[in-house]
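Asker: What follows is each chain in one-letter form.
Protein chains: 2
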Amino acid sequence: MTAHLPTLSDIINAHSRIRPFIHRTPVLTSGSINEILGAEFFFKCENFQKVGAFKFRGATNSVLSLTPEELARGVGTHSSGNHAAALALAARNAGVPAYIVMPRTAPEIKKIAVGGYGGIITFCEPTLEARETTMAKVQQETGCTFIHSFNQFEIIAGQGTAALELLEDCPDLDTIMAPVGGGGLLSGTAIAAKSIKPDITVWAGEPANADDAFRSVQSGSIQPAVPPNTIADGLLTSLGPLTFEVIRHRVDRILLCPEPTITEAMRLIWERMKIIIEPSSAVPLGALMANPDDGWKGKKIGIILSGGNCQLKLM
Amino acid sequence: MTAHLPTLSDIINAHSRIRPFIHRTPVLTSGSINEILGAEFFFKCENFQKVGAFKFRGATNSVLSLTPEELARGVGTHSSGNHAAALALAARNAGVPAYIVMPRTAPEIKKIAVGGYGGIITFCEPTLEARETTMAKVQQETGCTFIHSFNQFEIIAGQGTAALELLEDCPDLDTIMAPVGGGGLLSGTAIAAKSIKPDITVWAGEPANADDAFRSVQSGSIQPAVPPNTIADGLLTSLGPLTFEVIRHRVDRILLCPEPTITEAMRLIWERMKIIIEPSSAVPLGALMANPDDGWKGKKIGIILSGGNCQLKLM
Chain B
15 MTAHLPTLSD
25 IINAHSRIRP
35 FIHRTPVLTS
45 GSINEILGAE
55 FFFKCENFQK
65 VGAFKFRGAT
75 NSVLSLTPEE
85 LARGVGTHSS
95 GNHAAALALA
105 ARNAGVPAYI
115 VMPRTAPEIK
125 KIAVGGYGGI
135 ITFCEPTLEA
145 RETTMAKVQQ
155 ETGCTFIHSF
165 NQFEIIAGQG
175 TAALELLEDC
185 PDLDTIMAPV
195 GGGGLLSGTA
205 IAAKSIKPDI
215 TVWAGEPANA
225 DDAFRSVQSG
235 SIQPAVPPNT
245 IADGLLTSLG
255 PLTFEVIRHR
265 VDRILLCPEP
275 TITEAMRLIW
285 ERMKIIIEPS
295 SAVPLGALMA
305 NPDDGWKGKK
315 IGIILSGGNC
325 QLKLM
Chain E
15 MTAHLPTLSD
25 IINAHSRIRP
35 FIHRTPVLTS
45 GSINEILGAE
55 FFFKCENFQK
65 VGAFKFRGAT
75 NSVLSLTPEE
85 LARGVGTHSS
95 GNHAAALALA
105 ARNAGVPAYI
115 VMPRTAPEIK
125 KIAVGGYGGI
135 ITFCEPTLEA
145 RETTMAKVQQ
155 ETGCTFIHSF
165 NQFEIIAGQG
175 TAALELLEDC
185 PDLDTIMAPV
195 GGGGLLSGTA
205 IAAKSIKPDI
215 TVWAGEPANA
225 DDAFRSVQSG
235 SIQPAVPPNT
245 IADGLLTSLG
255 PLTFEVIRHR
265 VDRILLCPEP
275 TITEAMRLIW
285 ERMKIIIEPS
295 SAVPLGALMA
305 NPDDGWKGKK
315 IGIILSGGNC
325 QLKLM
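Just so you know, the protein sequences line up as chains B and E, in that order. Its first residue numbered 15, the first sequence is counted upward by one per residue in the working numbering. Its first residue numbered 15, the second sequence is counted upward by one per residue in the working numbering.
Hints listed in this document are in silico derivations from the structure and should not be mistaken for laboratory results. Any given hint could turn out to be false.
Pulled a few chain B residues facing chain E out of the computed Cβ check, cut under 8 Å [stated by the list, open to error]: (1) Asn-61; (2) Phe-62; (3) Pro-140; (4) Arg-281; (5) Trp-284; (6) Glu-285; (7) Lys-288; (8) Ile-289; (9) Ile-290; (10) Gly-322; (11) Leu-326.
Glycine included, every Cβ here is placed at the ideal spot set by N, Cα and C.
Looking at chain B on its own, in the form it has when it is part of the complex:
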């Protein structure tokens, strides 16, 4: 069975659809990082995206792809992360409700973010089972459409628009990289990049402590992510059937990054570029730093910085 996957034209359509709502984020470079690491980097700053993460692209595309009847009943998801905030804002922009199921134990800052964007929160116990049954109940009561955070056609198409923009701005990249958690961003990136520029290499960065995508591609079947133990808290999820299908065929390499190198890469970007990125965003650069002999020195490498939402301590 062949999964129904987005193509470049679906990504281009998604881009037209979401363009009025998203930021066209800048591509930044750093002379000192280039000098330190010995390659030419182009950072696509989705940390500057609305809600502080690329997730807003896919969420907006999903909301705007609904039929008028579906749209009127609103959307829902269970998530405690950036997807929940992104979906809440995308729904608010469309004037419809977003029903968000969150574990009671979610960090206060996440609850405030989702609530701040107008999401209607239902709390549940902190288990996957409770999340799913609570979500089912909310769907039954409201008729809302469930929007998965990565394993969905419109989400993948929406996330692919970041690579579309990056390759518009920097058409001569040798390699494009994204972090991999559930694989929505990486799938959209791979579809866009390989379609626009067939000779580009698509690489992923994954925490060595949450290397399920790496193991899934190696073994040929989706491997669970347990027990992930990484600072890159956006990358804990395992792949879904759609994202696995894309990644196994269109991603050239998944490079693993040990925990200390994630922190080192994050610090390098914070200190040299004076921009705030979340740990997940540092994983691709960290994965290169951890694998210095993998042929990337001297190349032009585009890296999607996935988001900037992290708890900050001052000084």
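Chain E: place on chain B using the hints.
Answerer: Just chain E now, kept in the frame of chain B:
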């Protein structure tokens, strides 16, 4: 006696001189900060400037204004902050030595920064007297030209180029703001802004715990900064004769900012704009937040974010 002060044309000349060496830093805006605070802000991002601070403008202008004979003998300063790093890089770009006198007790990160830019460091005891006598000795030995960190014609002219660029990008500002420590940035800003746009108001933000500039203007004579006790460690210095002269005549108001509001403003910029600024940079916005009834609501306000060099703790 009238002090010899830079004019707009000196600032324009400084800009032509330093332009090949500096970054033209972007002006960023934040819809959410505008909404939260009820005014329209335009942030001039000197945190993205080379060496991470506006200081590189003045230092470069000072180095490039020397005669060939002076230049060949190099430059020197006693500083443990951004000025030392800025002067070291400016001298390296000109191919001449920079002699930096630093207290032995300076933070390791500052020593590394200055050394990394090729500065030749002489350590001294951590007293003002030791700094000055050590500096005098180094000058005697090397013949280098001493470059003060703020109370100097070329420094003030160089720092004024940030406001020049800001007003090129945003010509219809109602108010322009800078933080005030020694007053180099504020003086350059006031000269540039009032000359280009006589009806603009020039405001300063100063830590309430280091309010010497405020007290100096009130009393009509330079007041010492002791004992300053503020997180905004770039603003500990008191004014010099030149900067006092400019500030008393051309700055419309100095607004004070309590310590908790400095942190609040810094956090607001970090979280909403995903950029890293040092505490001193947050003082102007904090000073507005602490003085909400001072007539700035609904106005277009340009703020110079002075730098981005701070010790970061992750998470």
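Asker: Work down the list of hints and note, for each, if the structure agrees.
Answerer: Comparing the hints with the structure gives:
{"no.": "1", "hint": "Asn-61", "result": "holds, 5 Å"}
{"no.": "2", "hint": "Phe-62", "result": "holds, 6 Å"}
{"no.": "3", "hint": "Pro-140", "result": "violated, 21 Å"}
{"no.": "4", "hint": "Arg-281", "result": "holds, 7 Å"}
{"no.": "5", "hint": "Trp-284", "result": "holds, 6 Å"}
{"no.": "6", "hint": "Glu-285", "result": "holds, 7 Å"}
{"no.": "7", "hint": "Lys-288", "result": "holds, 4 Å"}
{"no.": "8", "hint": "Ile-289", "result": "holds, 6 Å"}
{"no.": "9", "hint": "Ile-290", "result": "holds, 4 Å"}
{"no.": "10", "hint": "Gly-322", "result": "holds, 4 Å"}
{"no.": "11", "hint": "Leu-326", "result": "holds, 6 Å"}
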